[in-house]
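Using the numbering used here, read the sequence shown as starting at 1 and increasing by one per residue.
Since the hints were made in silico from the structure, they are not lab data. Source: prediction; values computed, not measured. Please note that a few of the clues may not be correct.
To be verified - Each pair of labels, with its calculated beta carbon distance range:
id : residue 1 : residue 2 : range
1  : 164       : 322       : 31 to 41 angstroms
2  : 64        : 160       : 22 to 32 angstroms
3  : 277       : 149       : 42 to 52 angstroms
4  : 60        : 237       : 38 to 48 angstroms
5  : 227       : 153       : 11 to 21 angstroms
6  : 316       : 148       : 40 to 50 angstroms
7  : 275       : 205       : 41 to 51 angstroms
8  : 155       : 327       : 18 to 28 angstroms
9  : 128       : 199       : 22 to 32 angstroms
Note that the Cβ used here is the ideal one computed from N, Cα and C, for glycine as well.
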Amino acid sequence: MLDADELPDRTGAERLKSLVDDLVSRPESADLRERVRSLLPVLHELRAVGKALLPEDADLSGRDRILKYLQRYPLTVIEGDELLLISGIGDWARRVRELRVQRGWAIFSGVTFKEMAADAPYVAKELATALNVDPATLRTDHYVLMSTERDREAADRWHLLNSIRKLKRVSVKERILRYLRENVGQPVTSEELRYLAGNASDWPRRTRELRTVDGWPVFTSMQGRPDLAIGTYVLDEDRQAPPHDRRVKDEVRIQVLERDGYACTACGWTRKQARPDDPRKRLEPHHLIEHAKKGSNEADNLTTLCNVDHDRVHAGRLENIDGRWRAVEH
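Start from the sequences and build out the full structure, keeping to the hints where you can.
Next up, the structure:
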């Protein structure tokens, strides 16, 4: 049996063909270990051919070749076997994790998408549209580069993640909340929250409950923050909403936002107008008829307000008369 480095100097395809022909010609009665070992040159040659597919990057490490490949196909589902071939290394999965954790690249795994989609139909629809694939069909060894921009603060956040993840007798939801409160106003990824939850599959539901049950302003691209990347969460402010503005279903929240054009119905503000020195940070659903007066959580009893105008309403400085907002004189 020839070793890979003893093969004649021919093209990768020719060398592979020669190796396969040699395998076919071997008797089936050959020793099992001999048959297994005869496959090794094929494996080595396949890796060499894969590495040669990026000739301009031949001197790069396996990790950097993985990144180059993913950058060529952002928002595309890439199979692990592709990364094995293009990197030419056996520990490619570890290198993917290094790119995510140490280098700050938003590389999501298929299992993360599946858990997100299983939590809510609207999430599954959003993912299917963005990735052009049914998220229910994704596997653990599927990967997607969600952004071509590197997050340079990711490494510091992963240190924090590890410290919170190790806390004893702390629920998944409490861990997620602690982490979000440490990163107020800063987007964090689904991969971070999944890791924080100890890979518990209910992390999307617990994150959603922080908003819909507990009243924390946790937003995604579909809940009033269309500027966020898919699969990214942000705690806009370190405070809870009043009890009467909680428990609005996400499906209804999205319906109201879409109906109102993702704009405040009082002042017309949208996220596109957001500025660092502007106190307006987000859009929130407001009950036209309060819970105390038997107002429902349905779309026809809700309107979209920016957080500033929402506060003004509850402070009695802004009111709605026959569908029009006006300031209240004191």
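Verification of the hints:
{"no.": "1", "hint": "164 / 322: 31 to 41 angstroms", "verdict": "49 angstroms, violated"}
{"no.": "2", "hint": "64 / 160: 22 to 32 angstroms", "verdict": "27 angstroms, holds"}
{"no.": "3", "hint": "277 / 149: 42 to 52 angstroms", "verdict": "24 angstroms, violated"}
{"no.": "4", "hint": "60 / 237: 38 to 48 angstroms", "verdict": "43 angstroms, holds"}
{"no.": "5", "hint": "227 / 153: 11 to 21 angstroms", "verdict": "18 angstroms, holds"}
{"no.": "6", "hint": "316 / 148: 40 to 50 angstroms", "verdict": "47 angstroms, holds"}
{"no.": "7", "hint": "275 / 205: 41 to 51 angstroms", "verdict": "34 angstroms, violated"}
{"no.": "8", "hint": "155 / 327: 18 to 28 angstroms", "verdict": "48 angstroms, violated"}
{"no.": "9", "hint": "128 / 199: 22 to 32 angstroms", "verdict": "23 angstroms, holds"}
In terms of the numbered hints stated before, the structure departs from hints 1, 3, 7 and 8, listed from lowest to highest.
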